[in-house]
Every structure is written in C-alpha cells, then in structure tokens.
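Just so you know, the protein sequences line up as chains H and L, in that order. Using the working numbering, the letters of the first sequence map in sequence onto residues 1 to 192. Using the working numbering, the letters of the second sequence map in sequence onto residues 1 to 423.
It is possible that part of the hints are untrue.
[Said to hold, decoys possible] One side of the interface only, derived from the structure: several residues of chain L facing chain H at Cβ under 7 Å:
1) M20
2) V21
3) V31
4) A41
5) I157
6) E159
7) A201
8) I204
It is worth saying that the hints were derived from the structure and are not from the lab. No residue lacks a Cβ here, since even glycine has one placed at the ideal position from N, Cα and C.
Spelled out, the chains give:
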Amino acid sequence: MSKKAAKILLVGNPNVGKSVIFNRLTGSDAVVSNYPGTTVDYTEGTFISGKQEYTVIDVPGAYSLEARDKAEEVAVRMLHEHRDATVVVVLDATRIERGLYIALETIEMGRSVLIALNMIDMAHDRKISVDDRKLQKLLGVPVVPLTAITGEGIMQLSDMIRKAQASDVKDILARAEGRASEPAQASGCAGC
Amino acid sequence: MQKEEHPNRHKRQVVQGADMVLNEDQRWSLVDLLAKQTISAGTYKQTVWDVIGELTVKPLTGIPVAFAVLYAFWSVFGSFAGALCTDGFFVKFFDNHFLPWMQAIWPDPNSILYFLFVGDPLADNCFEAFGVLTSGLFIAIGVVLPAVLIFYLMMAILEDSGYLPRLAVLVDTLLHKMGLHGYAIVPTILGLGCNVPAITATRILETKKQRFIMMTLLAIFVPCGAQLGIMLEVIPESVGYVMLFLLIGYVVFGYLLSKIVPGTNPEILIDVPPYHMPQRANITKKLWMRTSGFIINAVPFVLLGVLFINLLYIGGVIQWLSDVFAPVFVHWFGVPKETAGPLIAAFLRKDLAVAQLSNIEMTQYQMISAVVLISIYFPCVATFVVMLKEGWKELLAAVGVLFAVAFIYGGIIHAIGILLGVA
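Starting from the given sequences, assemble the full structure and let the hints guide the process.
What follows is the structure, encoded as structure tokens:
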C-alpha cells in the first residue's frame, strides 16, 4: 500500500444496518441482530479499495450526538477521537428523517461525509421512493443507495468512499429553501 | 424522538471547522425540508405480516403470544438438549462405555492422579465419578454443549426476527415498577444465554440507576444457558420451582432496589423495527461464533474447575469450609453442609456446581434451595470480570447487594419450606 490506512467511521441510528455494512466491507464477524442496540461497543476491521487500505470502525447506533446512554457515548467519543476519519452516515431508507438529523450534526462538525442509503429494498416494498440524486445535490455530499443485507451497492459504496467530502450547513439550508442559484459544489466530485 | 426529556443529556459539543451550527429546532426543520423534497410515499397496503406484528404488541393478544413463545422456547430446549442429545446419546455413551473404559485403563485406582482425573473408582455414572476426564468432559460436552447449542439457535432466531423490541413494549409497565423500562428485557433475555454479553448490553439503558439495577439483577437472578441445561438434566422435576423462585426474586428485589437506589428512570420511546425473516447465513454465523466461543472458553474452564475442586478436597479445604459454615447452611438456609463445595465451584462455573450438588444426599426441597443459592450467591468469574470492566464502584455495590440478597432470600426460601412442611 502506498499510503497509510485511511480511517472510516460508520455512524447512524440504531438498527439501520451499520454492522451489516461493516461485515460486508471487511469480512468481519460483527454480531448482527434485528433490534436497536445490538452493537454497544466499537469494532475495527480493514478493507482495500483502489489501492488504498481503509480501517473501518463500526460504531454503536445513536439518534443524535447528544449521548443519552453509554452505547451512544461510545459513538460520540469515537467521532471525537478520530477527527481525521471519513464518516459514513448510514440511513434507513424507510425512515430517513431521523437519520438525517445525525447526518446534519456530523456535517456541521465539518467532517468529510458520505451517506449510505441502506435498506432500499425495504423502502421499495413499502412504496417509499427516495430521490438519492436530489438528496446528494441538496446535501452536497455523495449519497450511495444500497441494500447491505444482500450486498447490493456495497461495491459502489467502497468506490465512493474516497469521494466523501465536507459540506456547509449554511449552503444546505439555502439550497433546501430554494434560495441558492448555484448547484451543489462538485469540487473533486466529478461523478456525483 | 423527543430527547429533551433526558436528564443526562450532554451539553452541545464544541464543533470545529464548521461555519454554522444549527440549534435543535432549526436542524429538525431543515430535516423536514430535505425530506419533503426527496421522499415520496405511495399508498402502502398492510400485509398479513403487519397485522400479525400488531397483534404481538397489543397486550390482549401479545401476552398470550409471549407465553406461547417462551413455552415453545423451553420445550424445544428441553426435548432437544435434555431428551434427545443428553439422555438419548451422551449419558449412554459416557456411563456405559467411556467411564468403564477410563476406569479400566487408568493405572492405580488409589493414586492421586486417578482421583483427580478419573475420580471415584466405584462410580457407575459420570455425575458421581467427578474426575476431570470423566465428569468434566461429560458435563461440558455431554450436557451443556447440546443445551447451549440449541439455546443459541433459538436465541439467534429471536434476535433476528425483531421480536425482542416487541417483548420490551409488553413488559414495559412491569419493569417500570422495578426501576427499569421495557428495554431491560433485552439484557435479561441475553443473560439467559450467557450473563457476560448481557452485562455489556446494559449500556443501552440510559441512567446509572437503571444500569446498576439491571446488572445486579442479572448477576443474582438470571441463570445462564449452561446452568439451565444442567438443571434440566440433574433436577428435571424441580427446574420449574427453581425458575419460579428466581423470577419472584427478580421482580421483588427489582422493586426494592428501585426504591433504594438513587437516580432516575426516564420514559423512553422504544424503536420497534419491522419483522424480518431470520437469514440462514446470519443465524449459522452467530451459532458458530457462540458455540465455538463456548468450546474454546467454557470447556477448559469446566475441566480446570473439576481439577481445582478435587485439589481442594484433597487439601481438606472444602471439608474445613463445610464445618465452619455448617451452622449457616444447616440452620439458616436449610441445606446440607456439604453444599460448601458446590458453592466454591459456582464461582468458576454454575453448571459444574449444579452437577456437583447431584452427588449430595438431600430432599427435593433442599435441592431446590441449594440450586437457587448457587444461582444467587455470586456471579461466575467471567461475569465478575465484565462487571469489573463496566465500573468497580458499581461492582462493589452490586456484590454488597448480592450478599445481602442471598442471605435474606435464602433464609426466606427456607422459611417457606418450613411453612409448607417440606423443609
């Protein structure tokens, strides 16, 4: 490897599939269950994409960055301890709103962010459609739709990780209110 | 998602590198704006599964369903582990073939090594022999392994289906009386598999008070899968009574602790995920990880435990302890003084301790009392270590509570026996 391992944090609400994505990316054995709060401590793993080695940290789920229990405290602590890490915010496509809250908090921290829009299959079953292109434009960070449990979209996710970028919440607000004339800045984000 | 009510919420962390930070309301309204422009929902028709899902949460239908689930769990556990594997195969194999073979080939029945590894030369079953290679292997592989295997399988199915959060909704009212809330059922159920991950899972509870009560109750009243498995084999006709005493203790002492322990027990909104069909790959993976974890960590512990207990017998330590504590055992708890040996073993492995009890002559009620005592008097060493990791102050407090509870509850159980005329 030419460069040293880059760090990635998997952050998001409880039970949105962070550990599934983690296992898919790294081939690890993080415990996966269908109840919020399965992961209460962090797990590390590595994978290689585009000649770059990545260290991925699977973080306990949190509803916001104001920790309300010990598992969430671990999540918040990891975000502060790994300031240079890219943050992959995992959203449940069937319940996007609550996930967007912690996504915005992360963006406000000035972190380099990528959104993984998980459980697209479930959203489809429930007749919920999410305009991921539009979301990407509004947020100014890459959004990758995927279904981690079947592995669909994992390759795109690992390819897109290096395109994660910081965004400014002021611009997001302007775009969301339709005040901004210029499209989302695409600095180094040619494929978006 | 009203997080404002939480008493332990932290002050907003200072952010770096951002030009602008929103407050909570501004952030939620931005979320709304974003959602409106990107999400469109078509009309969704309820499926049969949604209706069934609904029925498992509504108390009127949900409570019978919960009993049915637990009953199914228990009967599969008993018939697979107890009847099919242990009685159907391992007992015959160990008692009829392995034990006589060991007794025949190991030299010099009077030697210390024979006592340590093969045990009693006259024993005709693997509970009595109590050697490392006879009883140790039999307990670990023949009794407990099939039990934890089937237990982990059913546990994985429960975890993956999405039933646990629904159970949490159902028991919320009851658990609130114990200073906890519905979600505390998750560590409790996990604890029935093994107390170690259950102690770590208490992190999903919000306040120190809740975590303390939960950890203490786990350490005292929640028997693990290994212990359940061995109880099913040694005292099949009394397991129900033991579980009843533990359940009553869990509720009563939970209630008392909630009155004594300072702190708060906030209401929470439980996030109930949709039901999923458990995926075979994930079930197999979890089953494999946990079972191999048991073989690697627990089996050597059982064997070493037998060795350690035998050495203590040779050194006369257990006889000495039995004599010293005889008055407490006999008069206060109403159990034979020989219970001292199993109580020491219980610190290493609860399953080993219960197996050892089966060799002591006593009445059925004494047996029930002794098994309850073994469950409640102290957590096993593995649980003790994770509790220490979660905080030594809490651990010390929990141990204090634990001794008090074991002493009081043990006495009460004896008293109940006297009143019923069975002690």
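Against the structure, the hints:
Given the 7 Å rule on beta carbons, the hint for M20(L) holds: about 5 Å separates it from the nearest Cβ of chain H. Interface restraint check: V21(L) against chain H, minimum CB-CB distance 5 Å, threshold 7 Å, status holds. Checking V31(L) against chain H by beta carbon gives a least distance of about 5 Å; that is within 7 Å, so the hint holds. The closest approach between the C-beta of A41(L) and any C-beta of chain H is roughly 5 Å, which is under the 7 Å cut-off, so the hint is satisfied.
Evaluation of the I157(L) hint against chain H yields a violated restraint, the C-beta minimum of about 10 Å exceeding 7 Å. About 4 Å separates the beta-carbon of E159(L) from the nearest beta-carbon of chain H, less than 7 Å, and the hint is met. At its closest, the beta carbon of A201(L) sits 6 Å from a beta carbon of chain H; the interface hint therefore holds under the 7 Å criterion. Contact between I204(L) and chain H, as hinted, is supported at the beta carbon level, the nearest pair being about 4 Å apart and thus within 7 Å.
Checked against the numbered hints given earlier, this structure breaks only hint 5.
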